[in-house]
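Model the full assembly from the supplied sequences, consistent with the hints where possible.
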Amino acid sequence: MTLNLPALSGQLLIGLINGSFYALLSLGLAIIFGLLNVVNFAHGALYMMGAFAAWMMTSYLGIGYWWALLLAPAAVGLVGVVVERTMLRRLYGLDNLYGLLLTFGLTLIAEGIFHHFYGNSGNSYPVPEQLRGGVNLGFMFLPIYRGWVVVVSIFVCTLSWYVIEQTKLGAYLRAGTENPKLLQAFGVNVPLMFTVTYGFGVALAAFAGVMAAPVYQVTPLMGSNLVIVVFAVVVIGGMGSIAGAIFTGLGLGLVEGLTKYLYPQASAVVIFVVMAIVLLIRPAGLFGRVR
Amino acid sequence: MTMRTVRVSLCLALALAAAGVNAADKPKISDGVVKIGVLTDMTGYYSDLAGAGSILAAKMAVEDFGGKVLGAPIEVISADHQNKADVASNNARKWFDEEKVDAVADLVSSSTALAVMPVATEKKRITLLSGPGTTAITGEKCGPYNFHWTYNNWALANGTGREVVQQGGDSWFFVTADYVFGKSLESDTAEVVKKAGGKVLGSARFPSPGTTDFSSYLLQAQSSGAKIIGLANAGADTVNCIKQAEEFGITPKQSLAGLLVFISDVHSLGLKAAKGLYLTTAFYWDRDDASRKWAQRFFERHKKMPTMVHAGVYSAVTHYLQAIKAAGTDDAEAVAKKMKETPVNDFFGKGTVGPDGLFRHDMYLARVKSPEQSKKPWDYYEIVKTIPAAQAFPTVEQQACPLVKK
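Protein sequence lines, in the order shown, are assigned to chains R and D. The first sequence begins at 47 in the working numbering and counts up one residue at a time. The second sequence begins at 28 in the working numbering and counts up one residue at a time.
Hints were generated in silico from the structure; no laboratory data involved. Incorrect hints may appear among the rest.
Listed below are the simulated SDA-like cross-link pairs for lysine to any residue, each with C-alpha atoms no more than 20 Å apart in a straight line [what the hints assert, rightly or not]:
{"#": "1", "chain 1": "D", "residue 1": "Lys-280", "chain 2": "R", "residue 2": "Val-181"}
{"#": "2", "chain 1": "D", "residue 1": "Lys-299", "chain 2": "R", "residue 2": "Leu-177"}
{"#": "3", "chain 1": "D", "residue 1": "Lys-280", "chain 2": "R", "residue 2": "Ala-53"}
{"#": "4", "chain 1": "D", "residue 1": "Lys-331", "chain 2": "R", "residue 2": "Val-181"}
{"#": "5", "chain 1": "D", "residue 1": "Lys-111", "chain 2": "R", "residue 2": "Phe-185"}
{"#": "6", "chain 1": "D", "residue 1": "Lys-280", "chain 2": "R", "residue 2": "Leu-188"}
{"#": "7", "chain 1": "D", "residue 1": "Lys-254", "chain 2": "R", "residue 2": "Phe-185"}
{"#": "8", "chain 1": "D", "residue 1": "Lys-280", "chain 2": "R", "residue 2": "Gly-184"}
{"#": "9", "chain 1": "D", "residue 1": "Lys-331", "chain 2": "R", "residue 2": "Phe-160"}
{"#": "10", "chain 1": "D", "residue 1": "Lys-396", "chain 2": "D", "residue 2": "Gln-194"}
{"#": "11", "chain 1": "D", "residue 1": "Lys-111", "chain 2": "R", "residue 2": "Gln-311"}
{"#": "12", "chain 1": "D", "residue 1": "Lys-95", "chain 2": "D", "residue 2": "Gly-355"}
{"#": "13", "chain 1": "D", "residue 1": "Lys-254", "chain 2": "R", "residue 2": "Ala-53"}
{"#": "14", "chain 1": "R", "residue 1": "Lys-227", "chain 2": "R", "residue 2": "Arg-131"}
{"#": "15", "chain 1": "R", "residue 1": "Lys-214", "chain 2": "R", "residue 2": "Val-202"}
{"#": "16", "chain 1": "D", "residue 1": "Lys-280", "chain 2": "R", "residue 2": "Phe-185"}
From the structure, some residues in chain D lie toward chain R, with a derived Cβ separation under 10 Å [said to hold, decoys possible]:
{"#": "17", "residue": "Asp-68"}
{"#": "18", "residue": "Asp-205"}
{"#": "19", "residue": "Thr-238"}
{"#": "20", "residue": "Thr-239"}
{"#": "21", "residue": "Ser-243"}
{"#": "22", "residue": "Gln-247"}
Label-pair ranges, simulated between beta-carbon atoms [stated by the list, open to error]:
{"#": "23", "chain 1": "R", "residue 1": "Ile-327", "chain 2": "D", "residue 2": "Gln-194", "range": "52 to 58 Å"}
{"#": "24", "chain 1": "D", "residue 1": "Val-114", "chain 2": "R", "residue 2": "Gly-139", "range": "35 to 41 Å"}
{"#": "25", "chain 1": "R", "residue 1": "Tyr-309", "chain 2": "D", "residue 2": "Val-114", "range": "27 to 33 Å"}
{"#": "26", "chain 1": "D", "residue 1": "Val-114", "chain 2": "R", "residue 2": "Leu-325", "range": "27 to 33 Å"}
{"#": "27", "chain 1": "D", "residue 1": "Lys-55", "chain 2": "R", "residue 2": "Asp-141", "range": "57 to 63 Å"}
{"#": "28", "chain 1": "R", "residue 1": "Ile-190", "chain 2": "D", "residue 2": "Gly-229", "range": "24 to 30 Å"}
{"#": "29", "chain 1": "D", "residue 1": "Lys-222", "chain 2": "R", "residue 2": "Leu-143", "range": "53 to 59 Å"}
{"#": "30", "chain 1": "R", "residue 1": "Glu-224", "chain 2": "D", "residue 2": "Glu-125", "range": "42 to 48 Å"}
{"#": "31", "chain 1": "R", "residue 1": "Trp-113", "chain 2": "D", "residue 2": "Asp-313", "range": "36 to 42 Å"}
{"#": "32", "chain 1": "R", "residue 1": "Ile-190", "chain 2": "D", "residue 2": "Glu-90", "range": "51 to 57 Å"}
{"#": "33", "chain 1": "D", "residue 1": "Ala-353", "chain 2": "R", "residue 2": "Phe-150", "range": "47 to 53 Å"}
{"#": "34", "chain 1": "R", "residue 1": "Trp-113", "chain 2": "D", "residue 2": "Gln-194", "range": "42 to 48 Å"}
We treat Cβ as the ideally placed atom computed from N, Cα and C, and that holds for glycine.
Here you go:
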């Protein structure tokens, strides 16, 4: 295979675009996984629900993309809050496995319901007017919408990282996961904080779903492919490290892009190969802190 | 012999004679029921083009036949193979061993079909393959009890492929689903392209299912400079490819050839994205009065228009039941023989089933209408050309099924 520089640059750029999308998606999971220690297998289904919420808003209520960016995550976030209050809360003290089983079950239910009503071919969600068309970069044609995805992802990731790592609220959050009882003794409403955190993580997943809706068909199974990749990203980045998840997402997007160019048949597998290697060398992940 | 022994012997003889007479009169339906199992993808990528619609089509065929054949009831059961070859073959084996299933229908996704066919041959049961595409089903992998009903990759390649090349698309790049169906479709089409004087500039094989983002492959297709991007994939993969090709500005300069596109795909893409796409189909609901009539009945229950797979399941099951009636038994050997002897003539197609099990019927080259051309719901296709059966499918010699004696 000849190494064609323009073609390679195009592939790397696409890899970066996908990577920023992975980073956005894994951010919510890193927050839930890292801070609440809940293995949120429902992340893919919540992403799917975000996309469907945006589609439903346009089809049934005539609400456009820009409002959907705010309303869909809010709506799905509310669902997350309800789930946390009624079900997840009871599992906090127990083994991780219970959280995984519960959220996995919820995923199957959600995907089943949507499949029943909407089939599997999916629905089309149009790219918003203002973001249509593309820019010819010479070595490739970059759709404006994909560029928008990169900008938003980086912005949201940076903002979330800042809030969690640099602000007082974030400090409370991190303290809450290390020693909830002590924090509660200081007068902080820890259960409420956990609920809000889970809701925020869910909203991030749904937000990624709305971003994805114009690009991929909105189908009930759109999350099931991504959720495993996102878990791999978080595991490689290191549990408990928000920055780790973001950088790993970007990095893995690049690796995957390169693989798709050099040997596409392996593109689904390469992320797990990297995960296996990283876990063998650094079991806590690249940026992880051993608890 | 004592009197008692004589009487017992006489009774026994009479009983046996009576049983013998009865056996000769009563047609042999194994286990007193004809069970048809629809093994399809209920929840995954192909569930809209096959799935619940295939089950409905089989049920309609049984109902229209009268619900009974040779005095025995007909039952339709179903299962989800999830597009996994091992799930499909285990399910088929269980059906044959424990649930007395006589025929398996649909089997969408070529890898599941190829996994179930040897099991059916071993257990001497019929398979009515309406969903899968790989040409090897009636070629090198053929079996005595397998019937390939709706379409195969050769027919698609020759329909769409040949037409597109004749229209000037003489350089191709393939985006191929990396499993038996995609690879078979790519190689069949590549052969057609080369024979018609075109060139294949390259291909990208992506893992399927599991890929939602095709930007990388479309970019490779773009940089190859090929005039035509052949989509050797189906279902959700094709839909995503077409959508993203539009997004990446591919479509003005290069054209897409959808090598396997179903009306369910066009419905979910929308005419704006799909307009102008060439495709080859075995069935279109709005083709003539007979197809319209059947499709309306299907639509009333399924709420969506039938794909060619659905129509194929109905036609195959009907022909199967008719063969049982004519053969006087549901024994696979006799029924298979009858199915190959009897010509088919229904709303789906007219033609004959070859000794290799392939039903050769007319295929239709269609072009997807633009939103302005569409006058009613589901008015999606313009039938450009009817490809007669003799040209649409490979000949018996070309298929080279090892079971067919030269």
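Do the hints match the structure? See the list:
1. At roughly 15 Å between alpha-carbon atoms, Lys-280 of chain D and Val-181 of chain R fall within 20 Å of each other, so this suggested pair holds.
2. Distance hint between Lys-299 of chain D and Leu-177 of chain R is fulfilled; the C-alpha atoms sit about 18 Å from each other, no more than 20 Å.
3. At roughly 17 Å between alpha-carbon atoms, Lys-280 of chain D and Ala-53 of chain R fall within 20 Å of each other, so this suggested pair holds.
4. A hinted pair counts as satisfied when its Cα atoms are at most 20 Å apart, and Lys-331 of chain D with Val-181 of chain R does not qualify at roughly 39 Å.
5. For the hint linking Lys-111 of chain D to Phe-185 of chain R, the alpha-carbon distance of about 39 Å lies beyond 20 Å, and the restraint is violated.
6. Pair hint Lys-280 of chain D plus Leu-188 of chain R holds up; C-alpha atoms about 15 Å apart against a cutoff of 20 Å.
7. Note on Lys-254 of chain D and Phe-185 of chain R: the hinted pairing holds, with a Cα-Cα distance of about 18 Å set against a maximum of 20 Å.
8. Between Lys-280 of chain D and Gly-184 of chain R the CA atoms are separated by roughly 15 Å; this keeps the pair inside 20 Å, and the hint holds.
9. Between the alpha carbons of Lys-331 of chain D and Phe-160 of chain R the distance comes to roughly 17 Å, so the proposed pair stays at or under 20 Å and holds.
10. Note on Lys-396 of chain D and Gln-194 of chain D: the hinted pairing holds, with a Cα-Cα distance of about 18 Å set against a maximum of 20 Å.
11. The suggested pairing of Lys-111 of chain D with Gln-311 of chain R holds, with an alpha-carbon distance near 18 Å, which does not exceed 20 Å.
12. Distance hint between Lys-95 of chain D and Gly-355 of chain D is fulfilled; the C-alpha atoms sit about 13 Å from each other, no more than 20 Å.
13. Between Lys-254 of chain D and Ala-53 of chain R the CA atoms are separated by roughly 17 Å; this keeps the pair inside 20 Å, and the hint holds.
14. Of the pairs offered as hints, the one joining Lys-227 of chain R and Arg-131 of chain R holds, with about 19 Å between alpha carbons and a cut-off of 20 Å not exceeded.
15. Between Lys-214 of chain R and Val-202 of chain R the CA atoms are separated by roughly 19 Å; this keeps the pair inside 20 Å, and the hint holds.
16. Proposed proximity of Lys-280 of chain D and Phe-185 of chain R is supported: the alpha carbons are some 15 Å apart, at most 20 Å.
17. Annotation: Asp-68 of chain D was flagged as interfacial toward chain R, and the flag holds, the nearest CB pair being 9 Å apart, inside 10 Å.
18. Below 10 Å, beta-carbon pairs count as interface contacts, and Asp-205 of chain D has one with chain R at about 5 Å; its hint therefore holds.
19. Interface restraint check for Thr-238 of chain D: the shortest CB-CB distance to chain R comes to about 7 Å, inside 10 Å, so the restraint holds.
20. About 5 Å separates the beta-carbon of Thr-239 of chain D from the nearest beta-carbon of chain R, less than 10 Å, and the hint is met.
21. Interface restraint check: Ser-243 of chain D against chain R, minimum CB-CB distance 4 Å, threshold 10 Å, status holds.
22. The interface hint given for Gln-247 of chain D is met, as the beta carbon of that residue sits about 7 Å from the closest beta carbon of chain R, less than 10 Å.
23. Remark: the range hint 52 to 58 Å for Ile-327 of chain R to Gln-194 of chain D is upheld by a beta-carbon distance near 55 Å.
24. Val-114 of chain D and Gly-139 of chain R have their C-beta atoms about 38 Å apart, which keeps the hinted 35 to 41 Å range intact.
25. At about 28 Å, the beta-carbon gap between Tyr-309 of chain R and Val-114 of chain D stays in the expected band of 27 to 33 Å.
26. For the pair Val-114 of chain D and Leu-325 of chain R, the beta carbons lie near 30 Å from each other, so the given range of 27 to 33 Å is met.
27. For the pair Lys-55 of chain D and Asp-141 of chain R, the supplied restraint of 57 to 63 Å holds, since their beta-carbon distance comes to about 59 Å.
28. The given range of 24 to 30 Å is respected by Ile-190 of chain R and Gly-229 of chain D, whose C-beta atoms sit roughly 28 Å from each other.
29. About 58 Å separates the C-beta atoms of Lys-222 of chain D and Leu-143 of chain R, a value consistent with the hinted range of 53 to 59 Å.
30. The supplied range of 42 to 48 Å is broken by Glu-224 of chain R and Glu-125 of chain D, whose beta-carbon atoms lie about 55 Å from each other.
31. At roughly 39 Å, the beta-carbon separation of Trp-113 of chain R and Asp-313 of chain D lies within the given 36 to 42 Å, and the hint holds.
32. Distance hint check: the CB atoms of Ile-190 of chain R and Glu-90 of chain D are about 53 Å apart, consistent with the given range 51 to 57 Å.
33. Separation of Ala-353 of chain D from Phe-150 of chain R is about 51 Å and conforms to the stated range, judged on CB atoms against 47 to 53 Å.
34. The supplied range of 42 to 48 Å is met by Trp-113 of chain R and Gln-194 of chain D, whose beta-carbon atoms lie about 44 Å from each other.
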